[in-house]
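Engineer: Now for the letters of each chain:
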Amino acid sequence: MADMKLVYFNVRGRAEIIRWICKQADIPLKDERFESEEWAEKKKTISGGKVPVLLVKEYSLPQSLAIARFVAKKGGLVPENDLEAAFVDALADTLYEAMTEFYKTAMSEKSDEDKQKIWKEEWLPKTVVPIMDKLDKRLKDREWYVSDKMTWGDLAMALFFGDVKELQTDAFKNHAAIAAHTAKVRALPKIKSWLQTRPVTKL
Amino acid sequence: MEGRGGLHPAIEEVTRILSPFCASLPSYAAIMPELKLVYFNARGRAELARWILAYGNIAYTDERIEMDDWPEKKKTIPTGKVPVLMVDGKPLPQSMAIARYLARLANLVPEDPLEAAYCDALTDTLSDVATEGYKIMFSSKTEDEKKQEYREQFFPNIMKPVLERLEKRLSNREWFASQLTWADLMISMVFGEVHKRKPEMLQPYPSVVALSLKVRGLPNVKKWVESAPETQF
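In order, the protein sequence lines correspond to chains L and P. For the first sequence, the positions run 490 to 692 when this note's numbering is used. For the second sequence, the positions run 19 to 251 when this note's numbering is used.
Quick caveat, the hints were computed from the structure, so don't treat them as lab data. Quick caveat: nothing in here was measured; it's all calculated off a predicted structure. Incorrect hints may appear among the rest.
Simulated coverage check for chain L against chain P, where a stretch passes if three residues somewhere in it have a Cβ under 8 Å from a Cβ of chain P [said to hold, decoys possible]:
| hint | segment |
| --- | --- |
| 1 | 543 to 553 |
| 2 | 559 to 570 |
| 3 | 575 to 585 |
With a straight-line Cα cutoff of 27 Å, these simulated DSSO-like cross-link-like pairs (lysine-lysine) come out [as the list claims (entries may be wrong)]:
| hint | chain 1 | residue 1 | chain 2 | residue 2 |
| --- | --- | --- | --- | --- |
| 4 | L | 623 | P | 91 |
| 5 | L | 626 | P | 186 |
| 6 | P | 93 | L | 629 |
| 7 | L | 563 | L | 519 |
| 8 | L | 563 | L | 494 |
| 9 | L | 539 | P | 153 |
| 10 | P | 108 | L | 638 |
| 11 | P | 153 | P | 178 |
| 12 | L | 546 | P | 186 |
| 13 | L | 679 | L | 563 |
Glycine included, every Cβ here is placed at the ideal spot set by N, Cα and C.
Start from the sequences and build out the full structure, keeping to the hints where you can.
Structural biologist: Following this line, the structure appears as structure tokens:
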């Protein structure tokens, strides 16, 4: 089968989880990126007009989390147990809601200074910390988010919280379990290698 | 619907006693967890779960919170958000994660992973459409301003592109995927509602209307839709 192809902007954004899953699970993936100036033209060639989209054989699959779940399933990163799989889905949805809020500010017309202020003084304490509180409690006496092995939920966490740490370096000062989990996942050989070789982009 | 449902208590008891000895003996008690769906007294983001539960004839408690009681009730909910599905006492949040999980219990998720992914993508897309609709519904604009925004912005820019692609897909197939799935239920739930209020808007999309009505005609779904509480949203 020809390699699957991911099509997205040249950003991490909503597609990065897909890249992480494919790297971790050794799923060959063509990582096609385009710049925002090219979008108007590119959009015409994409069925549904939205990205990310995954091109699989002759099919075109949209929606970042539908794609993520699909490749995670392929890569053995979805829990076998239906309820555990659902908890991972819910985690991903929650993290994506927080990300959407972050991006709304990122894409706004505000100054960089104002954006930083909103992220640090509103987004972090009101949106992110409540999530961190719950997850930190959960990770205190378990190695992974659900079941006894790593799932795409752990990748989604490490991706999200790693970016949070970029924004505020002491973000985990009260959440040691999250700090440890994030570091552990980011140190996995295939993830570590991706972090070192991936294109460096602002978002 | 309340309680465990399905089997007579005596039969449940016998099943429970015998099932360790007869692995193949179906045991409703062993298969289905205790389910409680908690949401406002509204359709909103919980209705898809209710449709799926109804279709699958799965017993659950349909707990509805009145707006006045919400501030107090909110404190008792782990994530502070609804809907939440209590599964044997464990709280599962996020409407789409809930719906997908229940769809599995009701055999409404395709076996093939790519087909399942297509159902995920379609339901996510319809959820995004609903989100845009709610933004207008709950904005501080006047009713007339809202109607105008639905008509001039929401319908042409958000809903129409989805309808066009769906119409194309459904024009030569019986269901969205290769058999009935939760995607069909969501299509029917969303567009059946539009058809009720503004049928003229769906005139260019007869296949979408046909599917919506067909799903609403399925016995368990029909029973639910006809008996469900009437709510504003």
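Engineer: Could you run down the list of hints and mark each one as holding or not?
Structural biologist: We went through each hint and held it up to the structure:
1. 543 to 553: With 5 residues in contact (Cβ-Cβ under 8 Å with chain P), the coverage given for the segment 543 to 553 of chain L holds.
2. 559 to 570: It holds: at least three residues are needed, and the segment 559 to 570 of chain L offers 3 whose Cβ sits within less than 8 Å of chain P.
3. 575 to 585: holds (count 6)
4. L:623 - P:91: holds (19 Å)
5. L:626 - P:186: violated (48 Å)
6. P:93 - L:629: holds (23 Å)
7. L:563 - L:519: Holds - the C-alpha atoms of residue 519 of chain L and residue 563 of chain L are around 16 Å apart, at most 27 Å.
8. L:563 - L:494: Given that 27 Å is the threshold and the Cα spacing comes to 15 Å, the pair holds.
9. L:539 - P:153: Holds - the C-alpha atoms of residue 153 of chain P and residue 539 of chain L are around 21 Å apart, at most 27 Å.
10. P:108 - L:638: Within the cut-off at roughly 20 Å; holds.
11. P:153 - P:178: Answer holds: residue 153 of chain P to residue 178 of chain P is near 17 Å, not above 27 Å.
12. L:546 - P:186: Given that 27 Å is the threshold and the Cα spacing comes to 20 Å, the pair holds.
13. L:679 - L:563: holds (17 Å)
Violation of the numbered hints given earlier is confined to hint 5; every other hint is satisfied by the structure.
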